[in-house]
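*Asks:* Read off the chains here:
Number of protein chains: 2
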Amino acid sequence: MARPRVEFLFDFGSPNAYLSHLVIPEIEKRQGVKFEYLPVLLGGVYKLTNNRSPAESLAGIKNKPQYQQIETERFIRQHGIKSFRSNPFFPVNTLMIMRGAVAAKKLGLFERYVDEVYRHMWSEPKKLDDPAILRAALLESNLPADRLFELVQTAEVKDELLAETQRAVERGTFGSPTFFVGDEIYFGKDRLRDVEEAIAGSR
Amino acid sequence: MARPRVEFLFDFGSPNAYLSHLVIPEIEKRQGVKFEYLPVLLGGVYKLTNNRSPAESLAGIKNKPQYQQIETERFIRQHGIKSFRSNPFFPVNTLMIMRGAVAAKKLGLFERYVDEVYRHMWSEPKKLDDPAILRAALLESNLPADRLFELVQTAEVKDELLAETQRAVERGTFGSPTFFVGDEIYFGKDRLRDVEEAIAGSR
Numbered sequence: 001m002a003r004p005r006v007e008f009l010f011d012f013g014s015p016n017a018y019l020s021h022l023v024i025p026e027i028e029k030r031q032g033v034k035f036e037y038l039p040v041l042l043g044g045v046y047k048l049t050n051n052r053s054p055a056e057s058l059a060g061i062k063n064k065p066q067y068q069q070i071e072t073e074r075f076i077r078q079h080g081i082k083s084f085r086s087n088p089f090f091p092v093n094t095l096m097i098m099r100g101a102v103a104a105k106k107l108g109l110f111e112r113y114v115d116e117v118y119r120h121m122w123s124e125p126k127k128l129d130d131p132a133i134l135r136a137a138l139l140e141s142n143l144p145a146d147r148l149f150e151l152v153q154t155a156e157v158k159d160e161l162l163a164e165t166q167r168a169v170e171r172g173t174f175g176s177p178t179f180f181v182g183d184e185i186y187f188g189k190d191r192l193r194d195v196e197e198a199i200a201g202s203r
Numbered sequence: 001m002a003r004p005r006v007e008f009l010f011d012f013g014s015p016n017a018y019l020s021h022l023v024i025p026e027i028e029k030r031q032g033v034k035f036e037y038l039p040v041l042l043g044g045v046y047k048l049t050n051n052r053s054p055a056e057s058l059a060g061i062k063n064k065p066q067y068q069q070i071e072t073e074r075f076i077r078q079h080g081i082k083s084f085r086s087n088p089f090f091p092v093n094t095l096m097i098m099r100g101a102v103a104a105k106k107l108g109l110f111e112r113y114v115d116e117v118y119r120h121m122w123s124e125p126k127k128l129d130d131p132a133i134l135r136a137a138l139l140e141s142n143l144p145a146d147r148l149f150e151l152v153q154t155a156e157v158k159d160e161l162l163a164e165t166q167r168a169v170e171r172g173t174f175g176s177p178t179f180f181v182g183d184e185i186y187f188g189k190d191r192l193r194d195v196e197e198a199i200a201g202s203r
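In order, the protein sequence lines correspond to chains U and Y.
If you use our numbering, the first sequence corresponds to residues 1 to 203, in order.
If you use our numbering, the second sequence corresponds to residues 1 to 203, in order.
For the record, the hints were derived by calculation from the structure and aren't laboratory data.
One should not assume that every hint holds.
Computed footprint of chain U on chain Y; a stretch qualifies when at least three of its residues, placed anywhere within it, have a C-beta under 8 Å from a C-beta of chain U [what the hints assert, rightly or not]:
1. 54–65
2. 164–176
3. 184–193
All figures in this text were calculated on a predicted structure; none of them were measured in a lab.
Just so it is clear, CB atoms sit at the ideal spot from N, CA and C, and this is done for glycine as well.
This is chain U alone, in the form it adopts within the complex (with noise of 0.2 Å):
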């Protein structure tokens, strides 16, 4: 049976793209696929495509940033979901972790890193843009806090976070999550339906 490439591009920064990182093992186990996951820089993404954050884009709109809230509300009971936290210091800059996931690649660490660094951005919320915090989260998870600290200054890891960053938008993405099934894209945490019926649909 043939397996569709499945692509999520995820930025620690966006809670909907960790409501959507809580749901895809639950499709990976029903589908029998695994989700490659690629780390894609949001600020960046954004500067690219000339796109805005939804805290921008629905400031000052009457109703709208409340709707989003009742269907995050919704996402959150419909999956029994229970880690979501508010992080209390958003925005956090998201350019050091991003780039540890690049690094942590490297490692073979990619994986327990995501994991972790997603606890410490959505469940158990810290304000991971400070250098020291972020080193002391990492340390708590048993990840090597100063090799991935090195790495993330090297000109490969950098480079490699913008290039992944500029192909995405080259593909077409706008925002996070974006998920590919092969080369169709879908945007936002509400596809995952979308997602999994294509993947369903392409075997």
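Please arrange chain Y on chain U, whose structure you already have, making use of the hints.
*Replies:* Chain Y only, in chain U's frame:
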């Protein structure tokens, strides 16, 4: 069996409301309910909420308008819709035809008026904010154009559309299409599946 109240807040100017209008009969049939159509003036909703049309808010953003187009094409394909044509005169000012919907209700012609005006707007698209073109379209549809033109000038009809629009905003509306199942609000044609599940779950 308790039947939930299901409402569809629409403006003829929204192509996504038209696409919803085409799919609603399938849901009505499957679920044994009738959607109650409430005319609202989308321009009024935008003014009252400080929201903007997608055409305005997506202008200048890379990839996002193209993605909306992809989603519209998916919706059309998924529901086997054959009758949708882009209106070359878009945006058409809908004040007259939305007041006309209120007037048609008073004449007991609401359902036919809605079907026909939607057809003249998005299936055989015309410049319906031109009174002569509107008049010809109504006559072609065997609707009493002169009587409708008289009624849309009355304070009663004008005030009723304004009141419905204000009430919609008080209930949480910010755009079109908006649906209510009981007190639960849903926005966008892509929510019709959730709307249907809410109907099924509320009985």
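*Asks:* Next step is simple, just say for each hint if it's right about the structure.
*Replies:* Hints versus structure:
1. As drawn, the region 54–65 of chain Y meets chain U at 6 residues by the rule of a beta-carbon pair under 8 Å; at three or more, the given contact holds.
2. Taking a C-beta to C-beta cut-off of 8 Å, the region 164–176 of chain Y contributes 5 residues in contact with chain U, enough for the three needed, and the coverage statement holds.
3. Counting residues of the region 184–193 of chain Y whose CB lies closer than 8 Å to any CB of chain U gives 4, which reaches the minimum of 3, so the coverage claim holds.
This entry satisfies every hint, going by the numbered hints stated previously.
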